[in-house]
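Engineer: The residues making up each chain are set out below.
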Amino acid sequence: MKSALVALTLVLAFGVAAAAAQDAGQIKTSKGSAQIERSGQKLAATVGQVVQQGDVVITGADGSVGITFRDNSLVSIGPDSVLAIDRFVFDSTTHQGNFDASLKQGTLAVISGKLAKQSPDAMKVKTPAAILGVRGTEFVVRTGPAKD
Amino acid sequence: MSAPARRKTDPRPVRTRHLARLALLALILPAGCASRNDLYVLLPGKDGKTGALVVESEGKKQTLDTPYAAARVKNVGSVDGLQSSEADVKQEFGPALEAQPKRPVSFYLYFQRDTDEFAPESRALVNQIFAEIARRPAPEVSVIGHTDRVGSMQYNDALSLRRAERCREELIKLGIPKVRITVAGRGSREPEIPTPDQVPEPRNRRVEINVR
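If you read the protein sequences in the order shown, they are chains A and B.
Take the first sequence: its letter number 127 is residue 140 in my numbering, and every next letter is one higher.
Take the second sequence: its letter number 60 is residue 61 in my numbering, and every next letter is one higher.
Calculated from the structure, these hints are not laboratory results.
By construction, the Cβ of each residue, glycine as well, lies at the ideal position given by its N, Cα and C atoms.
Where hints are given, some of them may not hold.
With a straight-line cut-off of 30 Å between C-alpha atoms, the simulated DSSO-like cross-links for lysine-lysine are [said to hold, decoys possible]:
no. : chain 1 : residue 1 : chain 2 : residue 2
1   : B       : Lys62     : A       : Lys160
2   : A       : Lys137    : A       : Lys44
3   : B       : Lys47     : A       : Lys44
4   : B       : Lys179    : A       : Lys137
To give an idea of the chain A side of the interface with chain B (calculated C-beta under 7 Å), a few residues [as the list claims (entries may be wrong)]:
no. : residue
5   : Thr42
6   : Gly45
7   : Leu87
8   : Pro92
9   : Arg148
10  : Phe152
Next comes chain A alone, as it looks inside the complex:
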């Protein structure tokens, strides 16, 4: 009975097709209001949704989203955040490529993956005020105008 239940849960969870090779990553956690903007269209940022180069991930006041990228980078944003995936190129054999993302506003948490491990210049995170060079690491970012 229990295994039947697990099997059913699996079927439900696996409803979405597996990521194709050109996909950058996949949404693993999603809370509250969260959307993906892709070439002018708005998609719900639900668990299992793929993320592609060029996507902009946007959360509302109660929202958050967590994405696992193909190189095993783990990237998540908190409420009222806007994150653009400017570039994602990853060769799974050589681990070479580029990962550029821009946090336009809000909060971001990153655990870098194989790209940053392979080359110290492979991963760049931009904010309106700064550029971050990622040397294989975990970090958090907050960006936005001063409130005063």
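Could you slot chain B onto chain A? The hints should help.
Structural biologist: Below, chain B alone, put in the same frame as chain A:
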């Protein structure tokens, strides 16, 4: 103390004095008032190693390389270093940290010589791997087969792929949809234990199953 005295004797019209004060402010704060509320914090790595993060704003740089080292950017072109803490980070970044996906995890299954039959102790691991896959949202499984250096390159490429496919079959039998699993064979290219050619090595006859 000196300010009221100065004001009494300052012969300049009010407007000029006001402008002078503004000019002084502009000197102290190059971009006017504090315009950004940016904070960058390096976290300790889960493996005990802390990496490094270089924060650069218009040529000004700050390298963060110790746990909870932080940088604040109040104005573009200024980067101030400071020390943050676990508690501060929790407070400021709680929801983003809670949204982090589970870390990917790898399992290793070993095989009997020249076959796609599991080594006895590896057979039992399959159920454990299934359980790990089942408890993850939208799981992706990558299965990569390897061989030792006995046999030709071509033979080992095929054998490593057969081992990977064998693992995929076992996971499909347990209920994981095929579309969730990718397989690859790496032959003898990535030995766990480096050996000379044609040397049998049980630890190299393996499949890595990465779950994320």
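Engineer: For every hint, state whether the structure bears it out.
Structural biologist: Tested hints:
1. Restraint check for Lys62 (chain B) and Lys160 (chain A): the C-alpha separation of about 24 Å stays at or below 30 Å, so the hint holds.
2. About 26 Å separates the Cα atoms of Lys137 (chain A) and Lys44 (chain A), which keeps this hinted pair within 30 Å; it holds.
3. Only pairs whose Cα atoms come within 30 Å are accepted, and Lys47 (chain B) paired with Lys44 (chain A) is accepted, the gap being roughly 25 Å.
4. A hinted pair counts as satisfied when its Cα atoms are at most 30 Å apart, and Lys179 (chain B) with Lys137 (chain A) does not qualify at roughly 34 Å.
5. Below 7 Å, beta-carbon pairs count as interface contacts, and Thr42 (chain A) has one with chain B at about 5 Å; its hint therefore holds.
6. At its closest, the beta carbon of Gly45 (chain A) sits 9 Å from a beta carbon of chain B; the interface hint therefore is violated under the 7 Å criterion.
7. Here the hint on Leu87 (chain A) is kept, as its CB sits about 5 Å from the closest CB of chain B, short of 7 Å.
8. Proximity of Pro92 (chain A) to chain B holds as hinted, the smallest CB-CB distance being about 6 Å (cut-off 7 Å).
9. At its closest, the beta carbon of Arg148 (chain A) sits 4 Å from a beta carbon of chain B; the interface hint therefore holds under the 7 Å criterion.
10. Evaluation of the Phe152 (chain A) hint against chain B yields a held restraint, the C-beta minimum of about 5 Å falling below 7 Å.
Violation of the numbered hints given earlier is confined to hints 4 and 6; the remaining hints are satisfied by the structure.
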